[in-house]
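K.L.:
All chains, full assembly: derive it from the sequences and hints.
There are 2 protein chains.
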Amino acid sequence: MQLKRVAIFGVGLLGGSIGLALRSRGDANLRIVGYGHRKETLQHAQEIGAIDELTQDPATAARGADLIILCTPVGVFDQLIQQIAAELGEHTIVTDVGSTKRSIVAAAAKHFQNRKGHFVGSHPMAGSEKRGVEFARTDLFVGARCIVTPTSQTPAHAQQAVTDFWKSLGMKVTILSPEDHDRLVCEISHLPHAAAAASVAMQNDDALQLAGNGFLDTTRVAGGDGGLWRDIFQDNRDNVADSIRRLREKLDEFLALLDPQKRDELAKWLDEAARRRAKLVSEKLKEMQG
Amino acid sequence: MQLKRVAIFGVGLLGGSIGLALRSRGDANLRIVGYGHRKETLQHAQEIGAIDELTQDPATAARGADLIILCTPVGVFDQLIQQIAAELGEHTIVTDVGSTKRSIVAAAAKHFQNRKGHFVGSHPMAGSEKRGVEFARTDLFVGARCIVTPTSQTPAHAQQAVTDFWKSLGMKVTILSPEDHDRLVCEISHLPHAAAAASVAMQNDDALQLAGNGFLDTTRVAGGDGGLWRDIFQDNRDNVADSIRRLREKLDEFLALLDPQKRDELAKWLDEAARRRAKLVSEKLKEMQG
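Protein chains in written order, with this note's numbering: chain A, 7 to 296; chain B, 7 to 296.
Bear in mind the hints are in silico, worked out from the structure with no lab data behind them.
Misleading hints may appear alongside valid ones.
You can't tell identical chains apart in this list, so a pair holds if it fits in one copy or across any two.
As the list claims (entries may be wrong) - Straight-line Cα separation of at most 35 Å, DSBU-like style, residue types lysine-lysine; simulated pairs:
#, residue 1, residue 2
1, LYS116, LYS290
2, LYS45, LYS178
3, LYS173, LYS285
4, LYS136, LYS10
5, LYS285, LYS45
6, LYS10, LYS285
7, LYS10, LYS45
P.N.:
Listed below in structure tokens is the structure:
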């Protein structure tokens with residue numbers, strides 16, 4: 007797909023980095039338009055070369071775009087989708103960068119019904135606890151994984167276009183249904199965030215003073231923005247609740263092994279967790295080298 | 007205290023690093039003797055200059071030492087203390103590097119009763135999930151914190167000697183009772199380890215394949231040796247069980263906030279955890295700079 011006009015909705019860390027990465031290809035025919043609700047942010051994005059044009063009107067941003075990428079907080083997706091639905095052309099592809107996929111895919115199916123264009127959900131797993139266009143980087147996506155979430159209604163060419171787009175930014179693409187995405191990403195990302203936040207919340211101040219690098223590593227993910235994560239947790243709350251229940255079961259299993267009679271079982275349980283983690287680390291290293 | 011003879015029991019990462027740090031002072035009159043149950047490890051420690059002499063007999067190692075440092079796994083402390091009790095001189099100071107303090111302090115009080123010498127518990131919070139003398143480093147302790155745990159029975163000069171010793175290795179010393187130590191370190195270290203291990207244990211293989219750096223950071227502490235951590239968890243099981251109960255309460259609090267009606271409260275709860283962690287990071291930075 008030869009992109010002539012890309013609209014980036016929300017030019018923060020992810021949206022800004024997408025713009026920089028697109029621009030770094032040196033394609034003189036490509037126009038990148040940025041939409042946002044704060045003019046200063048849009049101007050900043052324009053200054054660093056992440057976007058060519060800026061607008062605070064969703065319909066204006068969407069009009070004539072080949073590719074629209076929603077990078078705003080998940081909480082405003084539904085509204086934006088309604089605002090741009092009438093502007094989609096025959097070949098317009100819409101995707102997003104949200105951390106949950108079922109609700110956005112369902113909202114797009116509803117509002118884009120009987121409209122032109124196609125929505126295919128994406129979740130590029132890049133970024134950090136930092137926010138804002140000032141942290142945008144041309145290489146933010148290189149080597150990271152992007153999950154693309156087609157449904158049975160998604161035309162093959164639309165899935166392919168979105169897959170090709172993320173690959174062109176250097177990402178490895180995994181295809182999952184929106185349901186599988188939300189379940190698996192909850193385990194690997196949403197649950198660890200909730201557990202880290204709870205681990206900080208339960209601490210007394212006198213304990214926190216003794217914290218070292220281990221504790222800071224363990225709780226790094228809890229440094230993210232509360233409002234953004236609130237949207238993710240509430241949107242994915244069935245999976246979040248289920249995985250917390252399963253974490254509690256594992257903690258109960260562990261508690262039962264504190265019995266001095268269970269010396270061998272406890273060591274084995276801990277070694278098994280260490281082994282699974284070590285296996286994961288070595289797979290990641292291989293993936294990075296390959 | 008002018009050290010003439012130091013006995014290091016267990017020359018792994020911590021014991022080996024203590025030897026290297028002591029040796030790096032260039033004190034020609036200091037003899038460092040290493041005790042261990044594996045001869046190859048002792049020989050390796052001698053080759054890298056961490057110890058001058060080696061022995062596989064605890065009594066021989068302890069005899070004539072001004073300072074004895076127990077660096078073996080916590081599980082064998084009780085036995086070692088019995089084996090060396092008769093060898094202590096009038097001025098011998100015994101300390102350790104164990105991650106729990108109540109049981110070792112109680113064992114020392116029992117077996118050293120009516121003996122010469124004094125025991126003062128220590129917990130140098132340095133090291134990593136790596137094990138073995140091959141990872142020993144002269145500067146392992148520099149800038150890290152050591153908790154020293156005297157009791158009402160500890161003579162002031164013994165507490166001072168142990169405090170001075172860790173400070174001479176570049177550590178910051180905090181004085182806590184053995185009880186406070188075990189309670190606070192459980193919160194900040196043992197609980198995060200248990201939660202990380204449980205977070206790995208609950209994962210399905212298909213979720214693990216999607217794991218990124220966030221998950222690897224969160225679970226880094228779970229990479230440690232199962233046998234060592236089994237000893238720590240079982241030794242501190244009352245505190246561990248209590249802190250897991252408190253973590254569960256926080257997870258329940260979080261679960262209740264997934265209710266869509268509680269948008270503001272959930273964001274506030276998450277922001278508060280992020281704020282406490284950010285405060286901790288800035289305090290650590292200041293501490294490192296000061």
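K.L.:
Run the structure past the numbered hints and jot down the numbers of the failing ones, going up.
P.N.:
1 and 6
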